[in-house]
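Visitor: Respectively, the protein sequence lines represent chains A and B. For the first sequence, UniProt numbering gives the first residue as 1, with consecutive numbering after it. For the second sequence, UniProt numbering gives the first residue as 1, with consecutive numbering after it.
Possibly wrong hints are sitting among the right ones.
[As the list claims (entries may be wrong)] Simulated restraints, written as ranges between beta carbons of each label pair:
1. N21/B / A99/A: 22 to 28 Å
2. V125/A / E94/B: 19 to 25 Å
3. E94/B / G209/A: 51 to 57 Å
4. H128/B / P126/A: 26 to 32 Å
5. H122/B / K170/A: 31 to 37 Å
[Said to hold, decoys possible] As a list, the in silico PhoX-like pairs of lysine-lysine whose alpha-carbon atoms are at most 20 Å apart:
6. K73/B / K157/A
7. K104/B / K176/A
8. K104/B / K170/A
9. K73/B / K170/A
10. K176/A / K73/B
11. K93/B / K176/A
12. K259/B / K242/B
13. K242/B / K176/A
14. K153/B / K65/B
By construction, these hints were calculated from the structure, which means they are not laboratory data. Being a predicted model, the structure only gives us computed values, none of them experimental. Glycine residues also receive a C-beta, built at the ideal position from the N, C-alpha and C atoms.
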Amino acid sequence: MRKKGFADLFFVFLLLYLFLPILATMLYAFATNWNKTVLPEGLTFKWIATLFQDSSFIEAFGRSVLLSGGAVLLALLFIVPAIFVIVLYFPKYEKWIQAAVVMVYAFPGVILAVGLIRAYAHIGVPMILAVLGVYVISILPYIYQGTRNSLRSVNGKQLLDAAELLGASKAQAFTKVLLPAVYPGLFAGALLSFSVLFGEFVLINLVVGSRFETVQIYLMKKLSTSGHIASSVVFVYLVLMGILTFIISMLTKRSKGAAKA
Amino acid sequence: MSYVVIEGLHKTYGTNAVLSNIDMAIEEGEFVTLLGPSGCGKSTILRIVAGLTGATSGVVKIEGKNMNDIQPKNREVGMVFQSYALFPNMTVKENVAFGLKMKKMNAIEIEQKVKEVLALVHLSDKEHAFPHELSGGQQQRVALARALIVRPKVLLLDEPLSALDAQIRKKLQADLRSIQTELGMTMVLVTHDQEEAMAVSDKIFVMNKGEIAQEGSPTEIYTKPASEFVANFIGHYNVFTKKELEQMIGGKLPGEREKFAIRPEAIHLKANAGDLRFTGIAKEAVMSGNVIRTVFEVGERTFSVEQLHDRQASVVLGNTYECYVSQEDVVALI
Numbered sequence: 001m002r003k004k005g006f007a008d009l010f011f012v013f014l015l016l017y018l019f020l021p022i023l024a025t026m027l028y029a030f031a032t033n034w035n036k037t038v039l040p041e042g043l044t045f046k047w048i049a050t051l052f053q054d055s056s057f058i059e060a061f062g063r064s065v066l067l068s069g070g071a072v073l074l075a076l077l078f079i080v081p082a083i084f085v086i087v088l089y090f091p092k093y094e095k096w097i098q099a100a101v102v103m104v105y106a107f108p109g110v111i112l113a114v115g116l117i118r119a120y121a122h123i124g125v126p127m128i129l130a131v132l133g134v135y136v137i138s139i140l141p142y143i144y145q146g147t148r149n150s151l152r153s154v155n156g157k158q159l160l161d162a163a164e165l166l167g168a169s170k171a172q173a174f175t176k177v178l179l180p181a182v183y184p185g186l187f188a189g190a191l192l193s194f195s196v197l198f199g200e201f202v203l204i205n206l207v208v209g210s211r212f213e214t215v216q217i218y219l220m221k222k223l224s225t226s227g228h229i230a231s232s233v234v235f236v237y238l239v240l241m242g243i244l245t246f247i248i249s250m251l252t253k254r255s256k257g258a259a260k261a
Numbered sequence: 001m002s003y004v005v006i007e008g009l010h011k012t013y014g015t016n017a018v019l020s021n022i023d024m025a026i027e028e029g030e031f032v033t034l035l036g037p038s039g040c041g042k043s044t045i046l047r048i049v050a051g052l053t054g055a056t057s058g059v060v061k062i063e064g065k066n067m068n069d070i071q072p073k074n075r076e077v078g079m080v081f082q083s084y085a086l087f088p089n090m091t092v093k094e095n096v097a098f099g100l101k102m103k104k105m106n107a108i109e110i111e112q113k114v115k116e117v118l119a120l121v122h123l124s125d126k127e128h129a130f131p132h133e134l135s136g137g138q139q140q141r142v143a144l145a146r147a148l149i150v151r152p153k154v155l156l157l158d159e160p161l162s163a164l165d166a167q168i169r170k171k172l173q174a175d176l177r178s179i180q181t182e183l184g185m186t187m188v189l190v191t192h193d194q195e196e197a198m199a200v201s202d203k204i205f206v207m208n209k210g211e212i213a214q215e216g217s218p219t220e221i222y223t224k225p226a227s228e229f230v231a232n233f234i235g236h237y238n239v240f241t242k243k244e245l246e247q248m249i250g251g252k253l254p255g256e257r258e259k260f261a262i263r264p265e266a267i268h269l270k271a272n273a274g275d276l277r278f279t280g281i282a283k284e285a286v287m288s289g290n291v292i293r294t295v296f297e298v299g300e301r302t303f304s305v306e307q308l309h310d311r312q313a314s315v316v317l318g319n320t321y322e323c324y325v326s327q328e329d330v331v332a333l334i
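Isolated chain B (complex conformation):
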């Protein structure tokens, strides 16, 4: 049996269903991400696992034990909040030591553990600072240290990096993943940032409107999106109807599926054996650093192509190009 199990979880507020029929299985030591647009219910799942919000129906089990009637303080679940939730009147050290004090651990041991965990999050020199004297990134490190020190069975991270700027966010993502690997801790991250999800996770649950749209490894989710929603949310997928795509390639597509998705970087301008071929007029190009995205027009609709930014890749707007895609990269959607 999995380490954390969620079965048949439902949550309604009044007549409004926030979560319906959520089933999840999370293994010990796994880094799992709940990914979805805001309001899809992902944070509510975290709060239910933590015991801060009650479920309308369904079961949460940790290590095989039903958590439904267990108080948050006895669940051995840690949580890091988007707004840090540090205790403003306590120093960094006091904040981090709080969980151990509640466990009535002796002062010498607390002192030592606080030092260890602060070193882990690279904040050894900020022990005596108050939260308001720290930057956002540092505050979030303190919040992480405070949650880690009690060694929870599961650490829940509720959009912990969303309030930080891009550079610090990238750095903290890497730190988070390396700390998780080092401690072998089970973590569940909630985010709406698909890049973040793919960068840190072992497994991703993509959520939409209170339901799980797809689950799988980052590679599975990215290369084999199951539905149009996932394809659009996870990248800049081109989604075509069967008819549109058959017209473009001038041939028949196998199977019963009505919609197909193609990643923009899977379309290239050089032919390989066995590729599907179609033509498009270059209409618009956007350069975002290492990648150039070109929008092509074909008949009534457009599709986009992403190429690495090298000198040969330049496309002349207004010209007609032959585009190629490997049959494997044409993903049939539900």
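Chain A extracted, bound-state conformation:
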């Protein structure tokens, strides 16, 4: 009994340690005044309202969505078909993708930033495109894992064989059978990539900075002017990530159910 009591206590402390900063930040986003008291003196929607009335926030949000979404879309268009072909038809080349995946983790953001500026700043390529390019590559691990695991769990090659023997052309087998079967895993990978890119700060700040103000850069600026507004930004960001995580977990559950088939 005593052991269990200790374990419970430890668990509560752990939860507090993990979630107190987040709770405090979220509370601060709604606090009127929170200087000398333990809890805020009052609650208000003022900060959130101010945030959404600030056109530069809305624009920053739009830029973030555009940049992260664009990168994910490009990855889906170019990387996913490549992974399909390699996993299904040339499995011996998979090790090269795996090597590429490790390389993505191996490059520190600062080196990447300096490298990008050196390489592209003087040849007229807009730096934001260079960052976009890096983003597309940097989500390779998530896209690769998501796609490959779905393909494996539904036994993609055999589904294609089965569809073809039932009279489907290769294109039909791909679009009518394989794609719908792996779609949940693919979509989960895409959402995960999107949320990772949405939170990216190092590269975009060093390479482009305030010339292309994303939510993260906006947040950085607001940190020095208003803690309440900054907290509100974090709040909105967390809500968005919460929604994405929920969708991902629903999709993963669904694809697991399907994988039993």
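Following the hints, position chain B against chain A.
Guide: Using the frame of chain A, we list chain B on its own:
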């Protein structure tokens, strides 16, 4: 000419020969089984017939037509896979209807055919279920229905029952055979289970190391195995060298063959006129339900005897017994 003809089929991966010089002839409406241990190339033959894998050399003909350059989708060959390969995002009905949709058949006709074929595999009540909601046996029935509905010229079954437990497997074997007879469809089954092969087939090809070891009806294969490999694979045959057997029976055996096989149930403990006679010491008995297998020792080696499990059959371990076998049941091997 036979319905399905395979001539001089070779398949190599790199320097590794998977199939060498395979010739087969399958008649229309026949249930043929390719039987062999795993890795003997039997599944590769199916994949080549289906067009999913290319042959290194050789010809596959269906109804006299050379299939070598014909796409899988145009071969009119169906296939059922060991892991079912059902489309996970489609219901049972959609899975089964897929082949007809690809043929652009109209919806009313599809609806009716799906109902018919689902009734045939006893799954009429599962139309709207998704594959993951079904048991393994039910999933395999769906896979079978999906393949049957397009009425392929040949239906290939790649170890379709191996992943199922014994009871369901037996039931599905019987169903498979009765559906095959009802539709008169040509089927080729691949299995490593010799009992399954004997239970369902008209003809069996026993395969070993990429070659056909023997072909024949189940009875021919079982009672007249051509080689030591077939004798061992198909049952619990006792295989003796000529010298061993001559010593045991105390006489000479006719012919040039060096090896002989005797089925364990062909050896009995009661004499019939003209039987060969030898003695053995009972060493070990294993009861597997309806059959008792007793291992006897004679000189340096052992042989086993199978008897039906009745009260008179009991053997006292350690005692010496006289054993008898009819001369016809001594099979000379290559």
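Visitor: Does each hint fit the structure? Answer for all of them.
Guide: Tested hints:
1. Distance hint check: the CB atoms of N21/B and A99/A are about 42 Å apart, inconsistent with the given range 22 to 28 Å.
2. Separated by about 48 Å at the C-beta atoms, V125/A and E94/B break the suggested range of 19 to 25 Å.
3. The supplied range of 51 to 57 Å is met by E94/B and G209/A, whose beta-carbon atoms lie about 53 Å from each other.
4. About 53 Å separates the C-beta atoms of H128/B and P126/A, a value inconsistent with the hinted range of 26 to 32 Å.
5. Range check, H122/B to K170/A: Cβ separation about 34 Å, and the 31 to 37 Å hint holds.
6. A distance of roughly 15 Å separates the Cα atoms of K73/B and K157/A; the hinted pair therefore holds under the 20 Å criterion.
7. Using a Cα cut-off of 20 Å, the hinted pair K104/B and K176/A holds, with the two alpha carbons roughly 14 Å apart.
8. For a cut-off of 20 Å, the pair hint linking K104/B to K170/A stands: about 16 Å separates their Cα positions.
9. Our distance criterion of 20 Å between C-alpha atoms is met by K73/B and K170/A, whose separation comes to about 9 Å.
10. Between K176/A and K73/B, the direct Cα distance comes to roughly 15 Å. Compliance with the 20 Å bound is thereby established for this hinted pair.
11. Between the alpha carbons of K93/B and K176/A the distance comes to roughly 15 Å, so the proposed pair stays at or under 20 Å and holds.
12. At roughly 5 Å between alpha-carbon atoms, K259/B and K242/B fall within 20 Å of each other, so this suggested pair holds.
13. In summary, the hint linking K242/B to K176/A is not supported, as the alpha carbons are separated by about 62 Å, beyond the 20 Å threshold.
14. The straight-line distance between the Cα atoms of K153/B and K65/B is roughly 12 Å, inside the 20 Å bound, and the hint therefore holds.
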